[in-house]
Amino acid sequence: MERVESSKASRYLYAVLIYFFLWIVLTYPFSIQEWEAGAVIAFLGAFFSYRQLSVSGVKNVKRMGILIFWYLPVFTWEMIKANIHVASIVLNPRMPIKPGIVKIKTNLKSPVARVWLANSITLTPGTLSLDVEDNYLYIHWITVKAKDVEGATREIAGKFERILEAMFK
Amino acid sequence: MLDAVLGWLGVVLVSVGVFFLFLGALGIFRLPDLFNRLQAGTKATTLGVVSTSIGVGLLAKGWLPFAAALAIFLLMTNPISSHAVARASYRAGVKPYPGTDPDECAKRHLTIYEESEEK
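First to last, the protein sequences are chains E and V.
Numbering-wise, the working numbering puts 141 at position 141 of the first sequence, and it's gapless, one number per residue.
Numbering-wise, the working numbering puts 112 at position 112 of the second sequence, and it's gapless, one number per residue.
There may be inaccurate statements among the hints.
To be verified - Pulled a few chain V residues facing chain E out of the computed Cβ check, cut under 7 Å: (1) Phe35; (2) Asn36; (3) Ala40; (4) Ala86; (5) Arg87; (6) Thr100.
What the hints assert, rightly or not - As a list, the in silico DSS-like pairs of lysine-lysine whose alpha-carbon atoms are at most 30 Å apart: (7) E/Lys147 to V/Lys95; (8) E/Lys98 to V/Lys95; (9) E/Lys103 to E/Lys147; (10) E/Lys105 to V/Lys95; (11) E/Lys147 to V/Lys107; (12) V/Lys107 to E/Lys159.
To be clear, the hints were calculated from the coordinates, so they are not data collected in a lab.
We treat Cβ as the ideally placed atom computed from N, Cα and C, and that holds for glycine.
Assemble the whole structure, with the sequences as input and the hints as a guide.
Set out below in C-alpha cells:
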C-alpha cells in the first residue's frame with residue numbers, strides 16, 4: 001500500500017485549518033475575542049500534532065468538497081434504504097434472511113480510502129465488512145444476491161468505489 | 001413561523017430516531033447469530049442516534065452545531081467499532097448461523113490455521 005506524503009507546510013496548514021474550524025464550531029455563539037484565542041491555540045496545537053493528523057495536507061480540502069456534495073447525498077439515501085431493509089427483516093414474522101460471507105475486490109490503493117469504503121459498506125443495506133486481505137474485503141451479507149467475486153463487487157461496492165476513486169485520486 | 005416548522009421537524013426527527021433505535025433492539029433480540037445481530041445493531045442505532053441528536057439540535061436553540069458535530073463523530077466511529085467486534089469474534093471462533101452460504105472467510109481461516117500448524 002502506497003503512502004504518499006505531502007510537504008510539511010501543507011500538512012501544517014491543514015492542521016491549522018481543521019483546529020480553527022473545530023474551535024469556531026464548538027464555541028458557537030460567535031465573538032471576535034474567542035476567535036483570536038482560537039487562532040493562537042490552533043497555530044500552537046498544529047505545531048505539535050500536524051505529523052499525526054494527516055498525510056496529504058491541504059489536498060484534503062478538495063476531498064471534503066467531494067465528500068459533502070457528492071458522497072453525502074448518495075450515502076444518506078443508502079443509509080435510509082439500509083434502515084428500511086433492516087426494519088422489513090426484523091418486523092417480518094418469517095424473517096426472510098439468507099446470510100453469507102462473500103469476498104469483494106477493491107481497486108482503491110490508499111489505506112484511508114479503504115477505511116472509507118469499509119465504513120460505507122457497513123452502513124449500506126444488508127452488508128457488514130468483516131475482514132480485509134490484500135485487495136479483497138470479506139463482507140457479511142444478510143441476503144446474498146451474488147456469490148462470485150465480480151457480481152458481489154458490482155452489487156456492494158459499485159456505487160461508492162467510483163466516488164472514492166475520484167476523492168482519493 | 002420558521003421556529004414552529006423547525007420545532008415540528010425536530011419532533012419528527014426525534015420520533016423517527018427513537019423508532020429505529022427500538023427496531024435495532026428488536027433486531028438484536030430476534031436475529032439468529034452474532035453477525036446478523038451486529039448488522040441490525042449498527043445500522044439501526046447509527047441512523048437512530050444521528051437523527052435523534054439532529055432533532056434535539058433543532059428543538060433546542062443554539063445547539064445545532066454541537067449536535068451536528070456529535071452526529072459526524074458517531075457516523076465515522078460507529079461502523080469501525082462494529083467492524084472490530086465482527087472481525088475479533090470471527091477470529092476468536094464464533095460460528096456463523098448454519099444457513100450461512102457461502103462462507104468465503106472460513107476457507108481463508110482454514111489456510112491460516114494449516115500454515116500456523118506447519119510452523
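Checklist entry - Out of the numbered hints, which ones does the structure contradict? => result Structure breaks no hint.
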